[in-house]
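Novice: Spelled out, the chains give:
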Amino acid sequence: SQTIHQWPATLVQPVGSPLSLECTVEGTSNPNLYWYRQAAGRGLQLLFYSVGIGQISSEVPQNLSASRPQDRQFILSSKKLLLSDSGFYLCAWSSKGNQPQHFGDGTRLSIL
Amino acid sequence: AQSVSQHNHHVILSEAASLELGCNYSYGGTVNLFWYVQYPGQHLQLLLKYFSGDPLVKGIKGFEAEFIKSKFSFNLRKPSVQWSDTAEYFCAVNARGATNKLIFGTGTLLAVQP
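Protein sequence lines correspond, in order, to chains G and W.
Residues 1 to 112 (the working numbering) make up the first sequence, in order.
Residues 113 to 226 (the working numbering) make up the second sequence, in order.
Next comes chain G alone, as it looks inside the complex:
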């Protein structure tokens, strides 16, 4: 069966520091991969999605970037974190086509 792993679960970082959140999927190949940010009262906002290795689409302009160095690995990064980057970040995968997305456990990121 397919599984999705996200780490770390929680992270506290100072303003201006770099960021790297990792997401890996097992049990499937060539998935679509997604990064979302969830804010209280604002639902989930799609940040990036990828349909294949090295293919990244950005949905909203921001201080973050994403990379997909391997088929089942999706990384969310920043060179210099801002206070506004605080939030709950979710990774998700789906099969090709209009299939349901499956979510990881999320990373709670706090910027001090």
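Because the hints were derived from the structure by calculation, they are not lab data.
All residues carry an ideal CB built from backbone N, CA and C; glycine is no exception.
A portion of the hints provided could be inaccurate.
[Said to hold, decoys possible] With a straight-line cut-off of 30 Å between C-alpha atoms, the simulated DSS-like cross-links for lysine-lysine are:
#1 Lys170/W x Lys213/W
#2 Lys213/W x Lys96/G
#3 Lys213/W x Lys79/G
#4 Lys213/W x Lys80/G
#5 Lys170/W x Lys190/W
#6 Lys161/W x Lys183/W
#7 Lys170/W x Lys183/W
#8 Lys173/W x Lys190/W
#9 Lys161/W x Lys79/G
#10 Lys170/W x Lys181/W
#11 Lys213/W x Lys161/W
#12 Lys96/G x Lys181/W
#13 Lys96/G x Lys170/W
#14 Lys183/W x Lys173/W
#15 Lys96/G x Lys173/W
#16 Lys190/W x Lys161/W
#17 Lys213/W x Lys181/W
#18 Lys190/W x Lys213/W
#19 Lys173/W x Lys161/W
#20 Lys181/W x Lys161/W
#21 Lys213/W x Lys183/W
[Claimed, not checked] So, partial list: chain W residues that the calculated Cβ filter (under 8 Å) puts toward chain G:
#22 Val123
#23 Asn187
#24 Lys213
Guided by the hints, dock chain W onto chain G, whose structure is given.
Specialist: Below, chain W without anything else, positioned relative to chain G:
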């Protein structure tokens, strides 16, 4: 641009009460519709989905939703809620296409009192 509206932000019910959570979307083309649920301390998981066919779809744990195309709605229902249904519920839509991008509503926090 596509958008999803969930009108009930916070709902409090007693056990055995009936539930209906509203969801409306705006998009002129063909859509797929989803309800996701996030139980306290757990990851987001799929409750039910509508792709085509019978507009009344059944999901897990006794939930159902009805797609009314003329009203652009996909309301979630359950005849009798339980304390274990306490969770946050998200409606989501995607336009049929290759990228499968989901647009989420802002969520409804349901608290069921025993």
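Novice: Does each hint hold? Answer for all of them.
Specialist: Okay, the hints, checked on the actual structure:
A distance of roughly 23 Å separates the Cα atoms of lysine 170/W and lysine 213/W; the hinted pair therefore holds under the 30 Å criterion. Between lysine 213/W and lysine 96/G the alpha-carbon distance is near 11 Å, which keeps this suggested pair within the 30 Å criterion. With a C-alpha separation of about 26 Å, the suggested pairing of lysine 213/W with lysine 79/G holds against the 30 Å cut-off. Taking the CA atoms of lysine 213/W and lysine 80/G, the gap is about 27 Å. The hint holds against a cut of 30 Å.
Among the hinted pairs, lysine 170/W with lysine 190/W is consistent with the structure: their alpha-carbon atoms are about 10 Å apart, no more than 30 Å. Taking the CA atoms of lysine 161/W and lysine 183/W, the gap is about 18 Å. The hint holds against a cut of 30 Å. Restraint check: the Cα-Cα separation between lysine 170/W and lysine 183/W comes to about 20 Å, which is no more than 30 Å; the hinted pair holds. Annotation: proposed proximity of lysine 173/W to lysine 190/W holds, straight-line Cα distance about 9 Å (limit 30 Å).
A threshold of 30 Å between alpha carbons decides the hint, and for lysine 161/W with lysine 79/G the separation of about 38 Å lies outside it, so the pair is violated. With a CA separation close to 17 Å, the supplied pair lysine 170/W and lysine 181/W stays within the 30 Å bound. The suggested pairing of lysine 213/W with lysine 161/W holds, with an alpha-carbon distance near 15 Å, which does not exceed 30 Å. Taken as a hint, the lysine 96/G and lysine 181/W pair is honoured in the structure, with Cα atoms around 25 Å apart against an allowance of 30 Å.
A hinted pair counts as satisfied when its Cα atoms are at most 30 Å apart, and lysine 96/G with lysine 170/W qualifies at roughly 24 Å. Taking the CA atoms of lysine 183/W and lysine 173/W, the gap is near 26 Å; set against the 30 Å cutoff, the hint holds. Pair hint lysine 96/G plus lysine 173/W holds up; C-alpha atoms about 27 Å apart against a cutoff of 30 Å. Note on lysine 190/W and lysine 161/W: the hinted pairing holds, with a Cα-Cα distance of about 15 Å set against a maximum of 30 Å.
Proximity of lysine 213/W to lysine 181/W is assessed by CA-CA distance (about 20 Å); at most 30 Å being required, the pair is judged to hold. Our distance criterion of 30 Å between C-alpha atoms is met by lysine 190/W and lysine 213/W, whose separation comes to about 27 Å. Note on lysine 173/W and lysine 161/W: the hinted pairing holds, with a Cα-Cα distance of about 14 Å set against a maximum of 30 Å. Using a Cα cut-off of 30 Å, the hinted pair lysine 181/W and lysine 161/W holds, with the two alpha carbons roughly 15 Å apart.
Proposed proximity of lysine 213/W and lysine 183/W is supported: the alpha carbons are some 22 Å apart, at most 30 Å. Because the beta carbon of valine 123/W sits about 14 Å from the nearest beta carbon in chain G, more than 8 Å, this interface hint is broken. At about 17 Å, the closest approach between the beta carbon of asparagine 187/W and any beta carbon in chain G exceeds 8 Å, and the interface hint on this residue is violated. With a least beta-carbon distance of about 6 Å to chain G, the hint placing lysine 213/W at the interface is held under the 8 Å criterion.
Hint check: violations occur at hints 9, 22, 23; the rest are consistent with the structure.
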